[in-house]
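Visitor: Sequence:
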Amino acid sequence: MVKRSHEDEELDNIKIHPLLQQPINVEPKKVKKNPLLSDWRERNNQTLNPYIDQEDISLSFKNERKKILGGFSDPGRQIAKAESFREKLRKERIEREEYERLKQLNLLPDLSIGEDKYEEYGRSMPPYVEWWDANFVINGRYDGDNFKDDPELITSYIQHPVPIDASWRKINVELKPMFLTKSERRKLRRNRRMLEMKDKQDRIKLGLEPAPPNKVSLKNLVNVLTNESISNPTEVEMRVRNEVYERQLKHEQMNEERRLSKEEKRQKLETKMAEELRKGIYCLVCKVKRLVNPKHVYKVDMNAKQFKLMGVCLTLIGDKSLIIVEGGHKNIEKYKRLLTNRINWRENEHKKGEDISVELEDLSSNYCEIVWEGEIRDFRFMKWSSYKYDNEESLLKFLDKFGIENYWRS
95 MVKRSHEDEE LDNIKIHPLL QQPINVEPKK VKKNPLLSDW RERNNQTLNP
145 YIDQEDISLS FKNERKKILG GFSDPGRQIA KAESFREKLR KERIEREEYE
195 RLKQLNLLPD LSIGEDKYEE YGRSMPPYVE WWDANFVING RYDGDNFKDD
245 PELITSYIQH PVPIDASWRK INVELKPMFL TKSERRKLRR NRRMLEMKDK
295 QDRIKLGLEP APPNKVSLKN LVNVLTNESI SNPTEVEMRV RNEVYERQLK
345 HEQMNEERRL SKEEKRQKLE TKMAEELRKG IYCLVCKVKR LVNPKHVYKV
395 DMNAKQFKLM GVCLTLIGDK SLIIVEGGHK NIEKYKRLLT NRINWRENEH
445 KKGEDISVEL EDLSSNYCEI VWEGEIRDFR FMKWSSYKYD NEESLLKFLD
495 KFGIENYWRS
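Residue numbering for the sequence shown follows the working numbering, beginning at 95 and increasing consecutively.
Each statement offered as a hint is correct.
Derived EDC-like pairs (lysine to aspartate or glutamate); straight-line CA-CA distance at most 16 angstroms:
#1 Lys430 with Glu467
#2 Lys482 with Asp413
#3 Lys424 with Glu469
Quick caveat, the hints were computed from the structure, so don't treat them as lab data.
Turn these sequences into a full structure, and let the hints steer you where they fit.
Guide: This is how it looks when you write it as structure tokens:
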């Protein structure tokens with residue numbers, strides 16, 4: 095028998111910590127196989143997917159091809175199929191023709207405002223009996239005494255409509271400043287300047303500001319310098335003239351500093367127009383019988399550019415002209431005043447450099463009328479431009495791009 099040493103006995107007495115011991119009931123972890131490293135290409139003469147664990151799912155393959163059986167069509171089947179196809183083409187052709195007819199008459203619904211959801215007029219007739227009276231009549235009509243006198247049909251329930259808030263409650267109405275007359279504005283300015291002057295005088299009395307020098311001119315020279323002995327009047331006169339000249343230079347310099355540059359003026363004008371557009375975009379459509387006077391053409395074009403208006407001037411050669419402008423309300427009103435009041439449409443004159451002996455067209459019956467004016471949702475044109483057309487079809491094709499061909503026909 096081998097004797098165990100004292101060290102071996104001490105090692106046997108040392109126990110292993112429970113966390114370091116291997117549990118008995120724990121199943122060993124499954125080692126996931128990498129399908130890319132295994133021979134996955136063929137298994138039982140079948141090609142398998144390398145990205146699916148074949149041990150977890152059951153795959154079934156069908157090696158047998160489906161048998162294709164031959165047969166005969168039923169009599170008349172292909173003829174009925176052809177007739178159905180021809181009927182479908184006929185309906186599509188009728189719908190296409192109806193669409194083109196409505197498009198020419200400008201009767202297509204506007205999809206942007208949901209007119210396609212409106213029910214056409216006359217599609218459904220009003221009922222003979224309303225739904226709330228259907229239980230009280232016998233023959234479905236109000237004729238005669240065909241009414242049911244049954245109190246059990248009447249209940250104590252009342253249908254109340256859903257309350258809808260008034261539209262004016264949703265709009266925040268801004269209070270407009272009170273209008274002041276010219277005399278009232280002068281009075282306010284006078285009082286404000288008087289308060290500023292009193293404040294300045296108080297600061298001078300308290301010694302917070304130095305007293306300003308006397309404003310001496312040649313007119314009040316004797317009154318201002320009464321306490322001074324003038325030994326050399328010429329020298330005093332020159333000094334007064336220099337002071338007057340310096341004050342004038344200072345005044346002109348202050349005016350020059352307040353004067354806006356061209357860039358600042360342009361920026362100020364653009365800011366005012368942007369504020370005007372935020373209030374709403376307005377449109378004006380006018381029709382001129384004959385736009386042939388070169389002076390009238392220049393005014394129509396130049397004023398639209400100066401007012402920063404978007405739109406177009408369309409002229410049918412030998413016929414009328416159509417003017418469409420879009421912009422802020424103030425500029426539209428100014429342009430409207432130009433077309434309706436300022437321009438005399440009955441005047442005519444020769445073009446610059448044109449032969450004077452050529453007879454001018456008689457414009458005694460010429461006029462300009464307003465076709466439509468009002469507020470629109472967004473700009474249709476991105477700039478101002480003018481076009482001339484030889485035929486009406488080309489002009490209507492241009493207006494059809496913007497959906498406003500009805501302006502020409504009205």
